[in-house]
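Asks: Each chain, written out:
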Amino acid sequence: MAIIEEPLALTSGEQHAERPLGVLTRPQANGSWKDWVSTVDHKKIGIMYGVAAMFFFLLGGLEALLIRTQLAFPESGFLSADVYNQIFTMHGVTMIFLFVMPSAAAFANYLIPLQIGARDVAFPRLNALSFWVWLSGAIFLNTSWIVGGGGADCGWFCYSPNSGITFSPTNGVDFYVIGLLITGIASLVSAVNLAVTCLNMRAPGMSLFRMPVLTWMLLVTQFLLAFALPVITVALLLLLFDRQFDSQFFDPEAGADPLLWQHLFWIFGHPEVYIIILPSFGIISEVIPAFSRKPIFGYSFMVFSGIAIGFMGWGVWAHHMFVSGIGPISVFAFSMATMFIAVPTGVKILNWLATMWGGKLNFSTAMLFAVGTVTMFTIGGLSGVTHSLAPADTQQTDTYYIVAHFHYVIFGGGVLGLFAGVYFWWPKVFGHLLDERRGKIHFWTMLIGFNLTFGPMHVLGLQGMSRRINTYSSGFGFEFWNLVATIGSYILGASVLFFLWNVYKSKKEAPNLPAPGPDPWDARSLEWSIPSPTPEHNFDEIPVVESQDDWWFRKYNIEDDGSVVRISSAEDAAQKGDAVGVHLPSPSFWPLVLAIGLPLIGYGVIFNLWLCVVGGLLTGGAIYAWVLEPVDDPDADGHGHDDHHDGDDPDGELATVGAAGDHTEGEG
Amino acid sequence: MATATAPATDTHHDAHDPHATNTGISNNKLAMWLFLSTECLLFGALISTYLIYKTRGNGEVLPTDLFDIPFTSVSSFVLLMSSLTMVLALSAFGRNDLDRGKAWLLVTAMLGAVFMGGQAYEFTAFYEEGLGYTTNPAASAFYTLTGFHGAHVSIGIIMLMSLWVAANQGKLTGKNSETVEIVGLYWHFVDLVWIFIFTVIYLIPPE
Numbered sequence: 001m002a003i004i005e006e007p008l009a010l011t012s013g014e015q016h017a018e019r020p021l022g023v024l025t026r027p028q029a030n031g032s033w034k035d036w037v038s039t040v041d042h043k044k045i046g047i048m049y050g051v052a053a054m055f056f057f058l059l060g061g062l063e064a065l066l067i068r069t070q071l072a073f074p075e076s077g078f079l080s081a082d083v084y085n086q087i088f089t090m091h092g093v094t095m096i097f098l099f100v101m102p103s104a105a106a107f108a109n110y111l112i113p114l115q116i117g118a119r120d121v122a123f124p125r126l127n128a129l130s131f132w133v134w135l136s137g138a139i140f141l142n143t144s145w146i147v148g149g150g151g152a153d154c155g156w157f158c159y160s161p162n163s164g165i166t167f168s169p170t171n172g173v174d175f176y177v178i179g180l181l182i183t184g185i186a187s188l189v190s191a192v193n194l195a196v197t198c199l200n201m202r203a204p205g206m207s208l209f210r211m212p213v214l215t216w217m218l219l220v221t222q223f224l225l226a227f228a229l230p231v232i233t234v235a236l237l238l239l240l241f242d243r244q245f246d247s248q249f250f251d252p253e254a255g256a257d258p259l260l261w262q263h264l265f266w267i268f269g270h271p272e273v274y275i276i277i278l279p280s281f282g283i284i285s286e287v288i289p290a291f292s293r294k295p296i297f298g299y300s301f302m303v304f305s306g307i308a309i310g311f312m313g314w315g316v317w318a319h320h321m322f323v324s325g326i327g328p329i330s331v332f333a334f335s336m337a338t339m340f341i342a343v344p345t346g347v348k349i350l351n352w353l354a355t356m357w358g359g360k361l362n363f364s365t366a367m368l369f370a371v372g373t374v375t376m377f378t379i380g381g382l383s384g385v386t387h388s389l390a391p392a393d394t395q396q397t398d399t400y401y402i403v404a405h406f407h408y409v410i411f412g413g414g415v416l417g418l419f420a421g422v423y424f425w426w427p428k429v430f431g432h433l434l435d436e437r438r439g440k441i442h443f444w445t446m447l448i449g450f451n452l453t454f455g456p457m458h459v460l461g462l463q464g465m466s467r468r469i470n471t472y473s474s475g476f477g478f479e480f481w482n483l484v485a486t487i488g489s490y491i492l493g494a495s496v497l498f499f500l501w502n503v504y505k506s507k508k509e510a511p512n513l514p515a516p517g518p519d520p521w522d523a524r525s526l527e528w529s530i531p532s533p534t535p536e537h538n539f540d541e542i543p544v545v546e547s548q549d550d551w552w553f554r555k556y557n558i559e560d561d562g563s564v565v566r567i568s569s570a571e572d573a574a575q576k577g578d579a580v581g582v583h584l585p586s587p588s589f590w591p592l593v594l595a596i597g598l599p600l601i602g603y604g605v606i607f608n609l610w611l612c613v614v615g616g617l618l619t620g621g622a623i624y625a626w627v628l629e630p631v632d633d634p635d636a637d638g639h640g641h642d643d644h645h646d647g648d649d650p651d652g653e654l655a656t657v658g659a660a661g662d663h664t665e666g667e668g
Numbered sequence: 669m670a671t672a673t674a675p676a677t678d679t680h681h682d683a684h685d686p687h688a689t690n691t692g693i694s695n696n697k698l699a700m701w702l703f704l705s706t707e708c709l710l711f712g713a714l715i716s717t718y719l720i721y722k723t724r725g726n727g728e729v730l731p732t733d734l735f736d737i738p739f740t741s742v743s744s745f746v747l748l749m750s751s752l753t754m755v756l757a758l759s760a761f762g763r764n765d766l767d768r769g770k771a772w773l774l775v776t777a778m779l780g781a782v783f784m785g786g787q788a789y790e791f792t793a794f795y796e797e798g799l800g801y802t803t804n805p806a807a808s809a810f811y812t813l814t815g816f817h818g819a820h821v822s823i824g825i826i827m828l829m830s831l832w833v834a835a836n837q838g839k840l841t842g843k844n845s846e847t848v849e850i851v852g853l854y855w856h857f858v859d860l861v862w863i864f865i866f867t868v869i870y871l872i873p874p875e
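Residue numbers (my numbering), protein chains in the order written: chain A, 1 to 668; chain C, 669 to 875.
Hints listed in this document are in silico derivations from the structure and should not be mistaken for laboratory results. Bear in mind that the values here come from a model prediction, so they are computed numbers and not experimental data. Possibly wrong hints are sitting among the right ones.
[Stated by the list, open to error] Under 8 Å between C-beta atoms, here's a sample of chain A residues computed to sit facing chain C:
| id | residue |
| --- | --- |
| 1 | Leu188 |
| 2 | Ala195 |
| 3 | Leu199 |
| 4 | Asn200 |
| 5 | Leu238 |
| 6 | Glu509 |
Note that the Cβ used here is the ideal one computed from N, Cα and C, for glycine as well.
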């Protein structure tokens, strides 16, 4: 059943011929493009997630600039109302589902196994499946521009009855629904996979409460995904059935209640906010201690407040619906819950400050982004608390004040944190640093552009400017701040391009600079105990963990008088990455084949049911081929000097992926 | 705190149980448990939708007008018994009694198929009495909920038959009885959901 003629050469310990950058450069001298489409390596999958997410960031950013260009001046005719509706809808959908979530998935894929001392995730092939299914859904969603008669035009939360055939007659909403269903399958598979990885594959001694805060936050995120996605799946399916099969879920004339959509959507949608923000919280919880030269303040408080956010995030969804007439008792209860959820969030902010307090601060680019995250998120959090007051929220609903708030949370809190992670882990992933001087220029232009864009929206919103309206009349005092916001958005766009230039330039300059070594930031968690870039097999030997921040304690000792003494250089303490014969799972094409089947089913539902048959056969066939394909290619001889017995996985980590197909069958 | 890594030779040959995990539950089984927990939310949302919509319509016929409790009780009993035969199948595979294991797998799948036949009959009968999928919100919600459950049972039957074929080909033996157990988890879950649906949807009368 093995269809791979030339297995990915997994011979560990080979010299890396070059420093890889991006999807198409390969870390193995004898690799080919097939390595990437058939890979099950969590690192390659993480990089592919990151690159694809960056592409959609540019696309969503372009859409944002179109919106701001339209709004720069009153009564502008740059975009028609119809096109404007499509652009702002696709901007939101793209940024949330195709940029921030896969960016978090990139970090989760790359870092969870490294931080817990594992050789890969629990189900490497399912991991590849998650990526390809996500990518196929993302491409499917955007093909609506070409074959669907335009993008969805109902806003990212697509309230009924605006989302029905009557008010949205093109296929845009169908593409939105099916695209999000497909990416939802990807996220669900990935959530199960990564949660099992965290729970089951930790190195000896790596108890749950020794896991780095990032891994903890990602674990909470996976549980949020696992429980939130089924709810949006149901909502999307009901909408799809309404549009395609004339069911009566959201038609008020037939006796249905459009409020059902709002409840289902926000039961997913509010946990989604934490799905977006918690990975970023985790990232800066790694960055701030490293550049403050102190351990994270109140580790268990950090972890438990993350878990508390995970739980309480389920009890606040109706604060998105204060004006929908849900009744005073519901409004009161959700107001209170919304105020309470600020408490664990506040705990985290104070803990980051306490980590920095008295530390030897080093404001590297990553640290700047992390501190920027804390401050910008605090602003967004404060405006969020104003929404918990239902009377005030009634004034603010559907105004630019809301737009300002959630951009401070999602961009200020989420995206700045992701960039902190990019600068922090870049040397680990690609083996060279991003230039710090250019990085700082990137940070400051991004911070200024961000605040110029979204700060004025607070004012505009409180002045009463409605969101999701394609233009505004002059004479209401909206002109000045709109122009400022538009100028800010162009600065923001320029800062992103500058970041890409920094990536390009830093790569070009890297050969002339000293290699960063395994641990350029003198950091604390296990991924810094292995060479940069990470070897194919991650760890030569699975580390035995003896404490929190185990890697730091291999470099430093705390004397009886409390002074810190260096006992080893990072280079000496780090693993050499030269192990041979490490057994790794074989690549597979089936995840990709399965992923190609799903959008075909999607096109079939919209255009011609015969396509569903083709897609279904492809998907079903791929599932069976997958299940029958041995985890380890018996014909493979690329495992180097394999000195263990056949089928006897040395670390017991990769042996149990056999029946993995069973789980996808439930979804297929 | 010197190098606290286990020596390389040991990790290779200290062949502790290759399936050892931190929780003691195998990856596959834990993944199935997590997947089933997400399914709770899926059915939770569908059941809530039906409960909100069960009397919604403009005077057309409602599902609650048509329920045939004795008939559905019988088909529910059939589905419940399939959980028993599933347990017997697993127990037989655990004892490496492959013939009995295969037989019980087949019986389980057939009981599931009988249940599906009952659902097909029920849908047809309801349709002939004027309750189409698009008749009113109550009908849409009813067919969607029970249809989703039926789809889950059907996928379960496919998995059971796949196991049966694998066992016939000698690929499934007592050694990998955990695969049977994992499919069994799914099967029991689908049964459990039906108990919930039958109680909440069929047995509790409309106000």
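Asks: Does each hint hold? Answer for all of them.
Replies: Here's how the hints hold up against the structure:
no.: 1; hint: Leu188; in the structure: 6 Å, holds
no.: 2; hint: Ala195; in the structure: 6 Å, holds
no.: 3; hint: Leu199; in the structure: 6 Å, holds
no.: 4; hint: Asn200; in the structure: 4 Å, holds
no.: 5; hint: Leu238; in the structure: 7 Å, holds
no.: 6; hint: Glu509; in the structure: 34 Å, violated
When held up to the earlier numbered hints, the structure conflicts with hint 6 and nothing else.
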